[in-house]
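Each chain, written out:
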Amino acid sequence: MTQMFFFLLFVGITLYITYRATERARTTIEFYSARRSITAFQNGLALSGDYMSAASFLGIAGLVSLKGFDGLIYAVGWIVGWPIIMFLIAEPLRNVGKYTFADAVAYRLKQKPIRTAAAVGALTTVLFYLIAQMVGAGYLIKLLFDISYESAIVIVGALMMLYVIFGGMLATTWVQIIKACMLLGGATLLVFLTLYQFGFNYVELFSNITQKYGEEFLHPGSIIENPVDAISLGIALMFGTAGLPHILMRFYTVPDVKEARKSVFYATGFIGYFYLLTFTIGFGAAALVGREIIRKIDEGGNMAAPLLAEAVGGGVFFGFLSAVAFATILAVVVGLTLAGASAVSHDIYAGVVKCDRADEKQEVRAAKIATLCLGLLAIILGILFKNQNVAFMVGLTFSIAASANFPALFMSIFWKKFTTHGAVGSIYTGLILSVVLIILGPTVWVDILKNSQPIFPLKNPAIISFFASFASAIFISLLTHEKDSEEKYEYEKIKSYI
Amino acid sequence: MKEKIINSAEFKALVKAKKTISLTLASIELLIYFGFIWLIAYEKEFITKKILGNINLGIVMGIGVILLSWILTGIYVIWVNKIYDERMTAIKKKLEEGEI
Numbered sequence: 015m016t017q018m019f020f021f022l023l024f025v026g027i028t029l030y031i032t033y034r035a036t037e038r039a040r041t042t043i044e045f046y047s048a049r050r051s052i053t054a055f056q057n058g059l060a061l062s063g064d065y066m067s068a069a070s071f072l073g074i075a076g077l078v079s080l081k082g083f084d085g086l087i088y089a090v091g092w093i094v095g096w097p098i099i100m101f102l103i104a105e106p107l108r109n110v111g112k113y114t115f116a117d118a119v120a121y122r123l124k125q126k127p128i129r130t131a132a133a134v135g136a137l138t139t140v141l142f143y144l145i146a147q148m149v150g151a152g153y154l155i156k157l158l159f160d161i162s163y164e165s166a167i168v169i170v171g172a173l174m175m176l177y178v179i180f181g182g183m184l185a186t187t188w189v190q191i192i193k194a195c196m197l198l199g200g201a202t203l204l205v206f207l208t209l210y211q212f213g214f215n216y217v218e219l220f221s222n223i224t225q226k227y228g229e230e231f232l233h234p235g236s237i238i239e240n241p242v243d244a245i246s247l248g249i250a251l252m253f254g255t256a257g258l259p260h261i262l263m264r265f266y267t268v269p270d271v272k273e274a275r276k277s278v279f280y281a282t283g284f285i286g287y288f289y290l291l292t293f294t295i296g297f298g299a300a301a302l303v304g305r306e307i308i309r310k311i312d313e314g315g316n317m318a319a320p321l322l323a324e325a326v327g328g329g330v331f332f333g334f335l336s337a338v339a340f341a342t343i344l345a346v347v348v349g350l351t352l353a354g355a356s357a358v359s360h361d362i363y364a365g366v367v368k369c370d371r372a373d374e375k376q377e378v379r380a381a382k383i384a385t386l387c388l389g390l391l392a393i394i395l396g397i398l399f400k401n402q403n404v405a406f407m408v409g410l411t412f413s414i415a416a417s418a419n420f421p422a423l424f425m426s427i428f429w430k431k432f433t434t435h436g437a438v439g440s441i442y443t444g445l446i447l448s449v450v451l452i453i454l455g456p457t458v459w460v461d462i463l464k465n466s467q468p469i470f471p472l473k474n475p476a477i478i479s480f481f482a483s484f485a486s487a488i489f490i491s492l493l494t495h496e497k498d499s500e501e502k503y504e505y506e507k508i509k510s511y512i
Numbered sequence: 056m057k058e059k060i061i062n063s064a065e066f067k068a069l070v071k072a073k074k075t076i077s078l079t080l081a082s083i084e085l086l087i088y089f090g091f092i093w094l095i096a097y098e099k100e101f102i103t104k105k106i107l108g109n110i111n112l113g114i115v116m117g118i119g120v121i122l123l124s125w126i127l128t129g130i131y132v133i134w135v136n137k138i139y140d141e142r143m144t145a146i147k148k149k150l151e152e153g154e155i
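Top to bottom, those sequences are chains A and B. Residue numbers for the first sequence, in our numbering: 15 to 512. Residue numbers for the second sequence, in our numbering: 56 to 155.
Looking at chain A on its own, in the form it has when it is part of the complex (with noise of 0.2 Å):
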C-alpha cells in the first residue's frame, strides 16, 4: 500500500496548513484572495495546480500513448489559452475587480441582472467541471487504490469542503502549489526513467515506436476527417481558459498587477513544461507498455502514465504516482469549489441578495454555507453519475468558459459601449447555446441518447456559440445605450493607468 502512505502524507500536510489558516480565514479578502499575500512564484505554481487536472494528465498521456500525434495536437490546445489571458485578460480584470470575475464583468454596469447573469455563468462552469472530476475521480481512485467508487467519492468530497471551509483561499493556495509539485515532480522522474531506457535520446524513443506501430502512428489521423470539430474545440480550449472562474479568482491573491503579470508568465512555463513531460509520457508508454495492455485495463488509456511508472520504476514508483493523481483530483475540485462557493456568496449573496450591504461575517458565513452545499452537491451528482460517459462534459465546461464567461469580460474590459443588456444578453446565448448544442451533438444525442444521426454535426459547439455571444453582445449594446457604463469605463481606464 505505497500509494496510501504517499497519499496519506499529502493529506496529513495540507489537513496541517489548513489548520494553521483557520486564523486566516476570517473576512472576506482572507477568505477570497488570501489577503493578496501570495507571490507571483507561488501563485505561478498554484494557478498550474489549479489547471493541471488527474484527466489531462491521465487523460492526454492515455491519448498519446492510443492514438500517438492526434493526442499531441490535443495536449498542445490546453497551453494556447495562456498567453490569452496574459495580453488580454489578467491585468485590467486585477485592475477593475475585487474577488471575482464577476466584478470585472460588472464594475460599470447595472449590478443586479449582470452579477446574477455572470454567477449564474461561473456557477454552471463550475458544476459541470466539478462532476466531471468527481465522476473521473471516483473511477480513477477505484482503479488505483482499489476501494469502491462511492468511498472514493465521499473521501474527495469531504476533504475538499474542509480545505475550503477552514483554509480559505490561503489553504487553497497551498494544497495547489503542493500538488503542482508532486505532479511536476513526479512526471520528471518518471520522463528521466523512460528516456534512461532509450539512452536519453528520443530518435531512438520514436524509432522504437515506429518499429512497433508503423509510420502511421505520427501521423495525424482523426483530425483530418473534420478540422472545423478541431477548430471549434481549439476556440473552445483557447477561450475558455481565459474564461474559468478559480484560474481568474487567483489573479487577486498577489499583492499588485506586476507581481499578476509575472504569475502568468510562471504559470505558462509550468503548464508547457507539464505538457512536454505528458507527451514523453505517453509515447513511452505506447513503448515500454504497449498499447494492448494499456487499452485492456482501461479502454480510454487512463492508466498509460501508472503503468509506465510501474514499468520503468517498480511498485513504489506506481504508489507515488497514484498518490499524485489522487491529490492531483482533490486539489482542482478544491479551487473549483471555492470559485462556486464566491460565485454565490460574493456575487449573489452580497451582490444581488444584500445589495453590497452585506458584512463582513455575514458573507464569509454566507461563502463557507455555499461551499459546505456545493461539496455535498458534487458528492451526490459524483454518485448519481456512476457509470456515466461524463468526457463531454469537460468540452462542455470549456465551451461555457469560452462563450459565456469571456466574451462579457472581454467586452466589459475593452468596449467603452458595452451595455447591461449586451452583457446579460450574451451571457445567455452563450451558456443556452453550448448546453443545447452539445445536447443535439454527436457525444450526447447518438453516443449516449443513441440516436442514428446528430442534428448539430460538431462534437464541440464552440465555434459557434463563441460567436454567436459576441454577436448578441454587440447587437444589443448598439440598441440599447448607457450612458452610465461609459463615464464609468472612461474613469475607470484613468483611474488603472495612474
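These are calculated hints, taken from the structure and not from any lab test. Any given hint might turn out to be false.
[What the hints assert, rightly or not] Subject to a maximum C-alpha distance of 30 Å in a straight line, what follows is the list of computed BS3-like cross-link-like pairs (lysine-lysine): (1) A/276 x B/104; (2) A/502 x B/71; (3) A/507 x B/137; (4) A/226 x B/104; (5) B/71 x A/509; (6) A/226 x A/81; (7) A/156 x A/497; (8) A/368 x A/431; (9) A/112 x A/473; (10) A/112 x B/71; (11) B/149 x B/67; (12) A/502 x B/73; (13) B/67 x A/509; (14) A/431 x B/73.
Starting from the known structure of chain A, arrange chain B on it as the hints suggest.
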C-alpha cells in the same frame, strides 16, 4: 494633475504602444495555434516530413507551439514590467515636478 498626465502626448503614445503590443502578441498566438491546426488538417505531406530519425515536422511544430506560447508571455512581461512601468513612472514624475 491627473488631467495633465492623461492629456500629455507622451502618456497617450505609451498607452497606445501597450495596446498595440498586447493585440499584436495575441494575434501572433492565434495565428500560431490555428495555423498549426490548419497545416495538420490540410497539409499532411508537409507535416509528416521526417526531420530527425522518425521524428516528423508535425511533432516538432507541436512542441514549438508550446515553447512559443511561453516565450511570447515572457516577451510581454519583460516589456511591460521593465520598459512600460519605468516610462510611466518617468512621465508621472516629470509632470509632477513641472506642477511645482
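Hints and how they fare:
1. Our distance criterion of 30 Å between C-alpha atoms is broken by residue 276 of chain A and residue 104 of chain B, whose separation comes to about 37 Å.
2. As the CA atoms of residue 502 of chain A and residue 71 of chain B are separated by approximately 20 Å, the hinted pair is consistent with the 30 Å bound.
3. Distance hint between residue 507 of chain A and residue 137 of chain B is fulfilled; the C-alpha atoms sit about 21 Å from each other, no more than 30 Å.
4. Proposed proximity of residue 226 of chain A and residue 104 of chain B is supported: the alpha carbons are some 20 Å apart, at most 30 Å.
5. Taking the CA atoms of residue 71 of chain B and residue 509 of chain A, the gap is about 16 Å. The hint holds against a cut of 30 Å.
6. Under the criterion of a C-alpha separation no larger than 30 Å, the hint pairing residue 226 of chain A with residue 81 of chain A is consistent with the structure, at around 13 Å.
7. Restraint check: the Cα-Cα separation between residue 156 of chain A and residue 497 of chain A comes to about 57 Å, which exceeds 30 Å; the hinted pair is violated.
8. For a cut-off of 30 Å, the pair hint linking residue 368 of chain A to residue 431 of chain A stands: about 28 Å separates their Cα positions.
9. Between residue 112 of chain A and residue 473 of chain A the alpha-carbon distance is near 36 Å, which puts this suggested pair outside the 30 Å criterion.
10. Distance restraint check for residue 112 of chain A and residue 71 of chain B: the Cα-Cα separation of roughly 26 Å lies within the 30 Å cut-off, and the hinted pair is therefore satisfied.
11. Straight-line distance between C-alpha atoms of residue 149 of chain B and residue 67 of chain B comes to about 15 Å, which keeps the hinted pair within the 30 Å bound.
12. A hinted pair counts as satisfied when its Cα atoms are at most 30 Å apart, and residue 502 of chain A with residue 73 of chain B qualifies at roughly 21 Å.
13. For the suggested pair residue 67 of chain B and residue 509 of chain A, the alpha carbons sit about 14 Å apart, so the restraint of at most 30 Å is met.
14. With a CA separation close to 21 Å, the supplied pair residue 431 of chain A and residue 73 of chain B stays within the 30 Å bound.
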